Amino acid sequence: MNTALVLGVSLVVVFLVALLGVFLGRGRNKDIEGWLVSGRKMGSFLVWFLLGSEIYTAFTFEGLAGYAYKNGSAAFYNVALNDVAYAIGFLVLPTIWIIGKRFGYVTQSDFVAGRYQSKPLGVFVALTSAIIMIAYIDLNITGLEAVIKVIGHGAISTTWSEVLGFLILALAVFFGGIQGNAIQAAIKDILMFIAIGVMFFVIPFHYFGSFGHMYGSFIKQIPSHLTLPGVSKHLGVMWLITTVLLNGVGQWMWPQWFGVAFTAKNPRTLKLQSVFMPFYQLVKVAVITIGLSAVVILGFSKHINGNNVVMMLAVKTFPEWFVVLFTIAAMLSAIIPAGPIIMTSSSLIAKNVVQALKPTTTEKSMYTLTRVLVFPLTIIALFLTIVAPSLIVQILLVAYDFISQLFPAVIVGGLFWRRATKQGVLTGIITGWVIAAVLVLTKNDPFHGINAGLVALVANLIVFTVVSYLTQPVSADYLDTFFEHAFPRTKLPRGNRGPQLPISE
Amino acid sequence: MSRLSQLGRGVTPLYHTENAFSEMKGGIFVKRSITAWVVTVIVILLLYLGAVALFANRIHPTILGMPFLYAWYVLVPLLNPVALGLLYIYDRRHNPQNDPIHWTEGS
Numbered sequence: 001m002n003t004a005l006v007l008g009v010s011l012v013v014v015f016l017v018a019l020l021g022v023f024l025g026r027g028r029n030k031d032i033e034g035w036l037v038s039g040r041k042m043g044s045f046l047v048w049f050l051l052g053s054e055i056y057t058a059f060t061f062e063g064l065a066g067y068a069y070k071n072g073s074a075a076f077y078n079v080a081l082n083d084v085a086y087a088i089g090f091l092v093l094p095t096i097w098i099i100g101k102r103f104g105y106v107t108q109s110d111f112v113a114g115r116y117q118s119k120p121l122g123v124f125v126a127l128t129s130a131i132i133m134i135a136y137i138d139l140n141i142t143g144l145e146a147v148i149k150v151i152g153h154g155a156i157s158t159t160w161s162e163v164l165g166f167l168i169l170a171l172a173v174f175f176g177g178i179q180g181n182a183i184q185a186a187i188k189d190i191l192m193f194i195a196i197g198v199m200f201f202v203i204p205f206h207y208f209g210s211f212g213h214m215y216g217s218f219i220k221q222i223p224s225h226l227t228l229p230g231v232s233k234h235l236g237v238m239w240l241i242t243t244v245l246l247n248g249v250g251q252w253m254w255p256q257w258f259g260v261a262f263t264a265k266n267p268r269t270l271k272l273q274s275v276f277m278p279f280y281q282l283v284k285v286a287v288i289t290i291g292l293s294a295v296v297i298l299g300f301s302k303h304i305n306g307n308n309v310v311m312m313l314a315v316k317t318f319p320e321w322f323v324v325l326f327t328i329a330a331m332l333s334a335i336i337p338a339g340p341i342i343m344t345s346s347s348l349i350a351k352n353v354v355q356a357l358k359p360t361t362t363e364k365s366m367y368t369l370t371r372v373l374v375f376p377l378t379i380i381a382l383f384l385t386i387v388a389p390s391l392i393v394q395i396l397l398v399a400y401d402f403i404s405q406l407f408p409a410v411i412v413g414g415l416f417w418r419r420a421t422k423q424g425v426l427t428g429i430i431t432g433w434v435i436a437a438v439l440v441l442t443k444n445d446p447f448h449g450i451n452a453g454l455v456a457l458v459a460n461l462i463v464f465t466v467v468s469y470l471t472q473p474v475s476a477d478y479l480d481t482f483f484e485h486a487f488p489r490t491k492l493p494r495g496n497r498g499p500q501l502p503i504s505e
Numbered sequence: 001m002s003r004l005s006q007l008g009r010g011v012t013p014l015y016h017t018e019n020a021f022s023e024m025k026g027g028i029f030v031k032r033s034i035t036a037w038v039v040t041v042i043v044i045l046l047l048y049l050g051a052v053a054l055f056a057n058r059i060h061p062t063i064l065g066m067p068f069l070y071a072w073y074v075l076v077p078l079l080n081p082v083a084l085g086l087l088y089i090y091d092r093r094h095n096p097q098n099d100p101i102h103w104t105e106g107s
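Sequences listed follow chains A and B, in order. With the numbering used here, letter number 287 in the first sequence gets 287, and the count goes up by one each step, no holes. With the numbering used here, letter number 8 in the second sequence gets 8, and the count goes up by one each step, no holes.
Excised from the complex, chain A in its bound form:
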C-alpha cells in the first residue's frame, strides 16, 4: 500500500467521522446556547468524551511521547497537572455552571464581565484569550503536519493536507455545533485508546520479550530517563512542582475548557467527571512508556524530532494496513480538539467583543456572525502556521503561562474573594503577562529552577490583591444576588427538596 493511499483513506475516514458528527449534532443549533453549549443538556457520557478530547489532543499522542523521549521523567508533569486540575474543577466547575445557568452565560468572558460588572473587562479578556487560542489551534495544525510528514515521507504536500483537514473541521463545527464535535470526539477517543493500547502491549513483547524485560532494560540502559532532573538537567523536582501548580490552576482558564463546564446538563455531571477523569491519566503513562521505549529502540539522537517518535515506531513495528488506524487516530486527535477552540474564539469575538461594543447587534445576527467567523479564524490559523511558524513557536511558548494568569480573576476573585475589583484583575493580568513574556523570551524559564509562569502568577496575585484593596469593589447587594444560587446561605431540609416544593407567596 503506498503512502498516498494511506493518507487518502485516512482523510476520507476523517471526513466521514466529521459528517457523522454533523448529522447527529445539528439538531440543537437554533441559537448560540444550542450551538456552543448544547443547550446545557449534555449527559455524562458525552461530557466525558468532550473533556477527554480537549485534554488528550495531538499533543498527548505525539508530543508527550516526544517529551519523554527527550526529557525522560520530566514528562510525568503532564500526568500530574490534569489530575490537579480535575480536583480543582470538582467544586469550581459546578459553581460556575450554576451561575452560568442563572444568568445565561455561555463564555468565560460573560462570566468575568458579570462578576466584576464591567463590560470593558469582558471585552479585554475575550479579545486577548481569542488571540492566545489561535496559537493553540496552530499547535493542532502542527500535530497534523507531523503525522503527514512521517507517513508521507515528505512526498506529499503537508500544506494542502493541512488546509484540507482543517477546512473539513471548520465545516463540521459550522454545521454540527458542540454536540456534533462531542460525537466526533467520542469516536476519536476510542480510536486513540485502541491505537495507544495496542502499541503499549505489543512493543514490550515485540522488542523486549516482556514488560519485565522492558523495564529491566530501561533501568540498565537509560537510568537518566527515569528520575528528575536526569537527562534534562534543568528540569528538577522544583520545576515539576511549580509547573504542575501553574498548569493545574491554568487548565480551566482556557476558555474552551471553561466552556465545557456550561455544556453539562447538571452540576452532578461535572462532579462525577472529576471523580472518573483521573483514570484517563493512565493513557498518558502508556504514552510516556512508548516514548521511553523509543529511546532504547530508535536510539537517543538529537536528530530525531521527538514529535515523530510515535509514528516512527508505528511504521517500524506494524504492517501497513494497521498503520492506517494510527494515522486516522492521530489525524483525528489533531483535528477534532481544535473544534471547540475555534468555536469558543469565534463566539468570544462575536458575542463578547462585537456585540458588547455595539449593543444594537441582535441575538440572531450575533449568532450568525459567530458561526460564520469559524471560517476566517481557521484560515488565519492556517495562514500563520504555514507562513510564520517561528512566530507561532514564540506565542506557544508563552500561551500556557499567559492563560494561567486569568486564575486570580476567574477563580480567586471570581468565586471566593468578594473584595476583588476589576482594576485589580486588569493590573494583575498585565503584570503577569509582562513578567512571563520577559522571562520566557529571554530564555529564563525555568527561573532558578522555578517555572517562569508561576513566578509571574505570584507577582500577578500580589498586584491583584494590593490594587483590589485600593479600589472600589462591586456592591455587596449585587454580589449577594450573583452568588445567591452558587453559594446558598440556606439549606433545604433533607428528604423534602427539589423543584416540586410548593413555593407559596
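Certain hints may be false.
[As the list claims (entries may be wrong)] Covered stretches of chain B (in silico footprint by chain A; criterion: 3 or more residues with CB under 8 Å from a CB of chain A, positions within the stretch not fixed):
#, stretch
1, 27-37
2, 41-53
3, 61-69
4, 74-82
For the record, the hints were derived by calculation from the structure and aren't laboratory data. All values derive from a computational prediction rather than experimental measurement. Ideal Cβ positions, reconstructed from N, Cα and C, are used throughout, including at glycine.
Position chain B against the provided structure of chain A, taking the given hints into account.
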C-alpha cells in the same frame, strides 16, 4: 424568571421556615463543603508532588520490575478517584449546591 427569584433578597423564602436557623446552617454547609474540597486538593497535591519531593524520585526499589518513580505515577492515578470519590460522597450529603431548587429555575 420563576417565582423564587421574585422573592427578592432579604425575604426569607417560605419553604424552609420550619427551622429558624436554617439560613445560618446553609452557610456552614457551604463552608464545610469548600473545606472538604480544599483538603482533597491538598491530598492530591501531596500524592503527586510532595511524594516526589520527599521519597519517590528514585529508581530503586523497583515495584513489579517498574522503576520506582514510574510505578508511583501508575499508582497515584488509581488512588485519585478514591480520594475524589470520598469527596463526592461527602459533598452529595452536605453541599447545598446540590439542591436542584438552586438551578432548575426556568427549565
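Verdict on chain A covering the stretch 61-69 of chain B, where coverage means 3 or more residues with a C-beta closer than 8 Å | holds (count 6)
Check whether three or more residues of the stretch 41-53 of chain B sit with their beta carbon closer than 8 Å to a beta carbon of chain A.
-> Holds: 7 residues of the stretch 41-53 of chain B have a Cβ under 8 Å from chain A.
Per the coverage rule (Cβ-Cβ under 8 Å, at least three residues), is the stretch 74-82 of chain B covered by chain A?
-> holds (count 6)
Counting residues of the stretch 27-37 of chain B with a beta carbon closer than 8 Å to any beta carbon of chain A, are there 3 or more?
-> Held - the stretch 27-37 of chain B has 6 residues with a Cβ nearer than 8 Å to chain A, which meets the minimum of three.
Violated hints for the displayed structure: none, as all numbered hints are satisfied.
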